[in-house]
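Protein sequences, first through last, are from chains A and B.
Heads up: the first sequence begins at 1 in the working numbering, then just goes up one per residue.
Heads up: the second sequence begins at 1 in the working numbering, then just goes up one per residue.
Think of the hints as simulated: they come from the structure by calculation, not from any bench.
Among the hints, erroneous ones may be present.
[Said to hold, decoys possible] A short, non-exhaustive set of chain B residues, derived as facing chain A with CB atoms under 8 angstroms:
1. Leu31
2. His32
3. Leu33
4. Thr56
5. Leu65
[To be verified] Simulated DEER-style distance windows between Cβ atoms:
6. B:Lys68 - A:Thr9: 31 to 41 angstroms
7. B:Tyr38 - A:Ala193: 22 to 32 angstroms
8. B:Arg40 - A:Ala114: 10 to 20 angstroms
Heads up, the beta-carbon is just placed ideally off N, CA and C, and yes, glycines get one too.
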Amino acid sequence: MSEGTTPETDARRIAEDERDRVRFEEEVLELADQVYRVARRLVSSREEAEDLVQETYARAFRSWRSYQPGTNLRAWIFRILTNLNIDRGRREQRAPATQPIEEGDYFLYNRLEAESGDSDEERIVQRLSQDGIVDALSAVPHDFRDVIVLVDIGDFTYQDAAQILDIPIGTVMSRLHRGRRILKQELAEAAVAEEA
Amino acid sequence: MFVDPCAKCEEVLQQFLDRQLSDAEVAEAELHLDECNYCRKRYKFEEKLRMYVRLTLAEEMPPELKAKLAALRTPL
Chain A
1 MSEGTTPETD ARRIAEDERD RVRFEEEVLE LADQVYRVAR RLVSSREEAE
51 DLVQETYARA FRSWRSYQPG TNLRAWIFRI LTNLNIDRGR REQRAPATQP
101 IEEGDYFLYN RLEAESGDSD EERIVQRLSQ DGIVDALSAV PHDFRDVIVL
151 VDIGDFTYQD AAQILDIPIG TVMSRLHRGR RILKQELAEA AVAEEA
Chain B
1 MFVDPCAKCE EVLQQFLDRQ LSDAEVAEAE LHLDECNYCR KRYKFEEKLR
51 MYVRLTLAEE MPPELKAKLA ALRTPL
């Protein structure tokens, strides 16, 4: 740069750069609640979630220049989060040897209704224990769980989830639908086991 | 070929609730739901289940974590 090297322009450039960085940091910190909420369900403990969120922010602050202003910041930070989570080697955990037989979407209701003899939707939902829901989600294989967590807890569109996970949108949809069915199967099994 | 309308309704439940169906498909599902108590109950259940699961799984960030994240910022 021939013109940009006077002390005044240098100083201005540095000041602008600084302001862009501060703005970036503030905006990304505003997303922390959402990042934590998703992180918490990607891993199994609160401690792991806190570590993962801190690593995510450390990386985000370090590599802020790779973020293009005007693009989707939320998708950008969640992409760091999911990549770090994969890097943590969690893919090696618990790969089910066999895929469960897939039940349809009415399966959970049918099972709970049959078990309890109660057909009221609200009461049937309330019969599910909160711990049971947490356990059921953690029993869903990772590829499916990631999509459920991003869409159903993180409120991402299919498009954003596809971008974050770097998979086609059709894969997002099929994993989401199958994943929710697997989740409901797990819930049905847990509820029946509790009754027994 | 005969298609069981309840099986079809079950098949599109997620897309219906996700608003991923075409207008024609929505109309067809609604027509069936209007007259089928069996499917209607299961659709309502699914809606309530989604809300309940969502509330259950949304855990607040520990307040001290926010301070830790702010501390990771580049010092001015």
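Hints that the structure is at odds with (numbers, increasing): 1, 2 and 3
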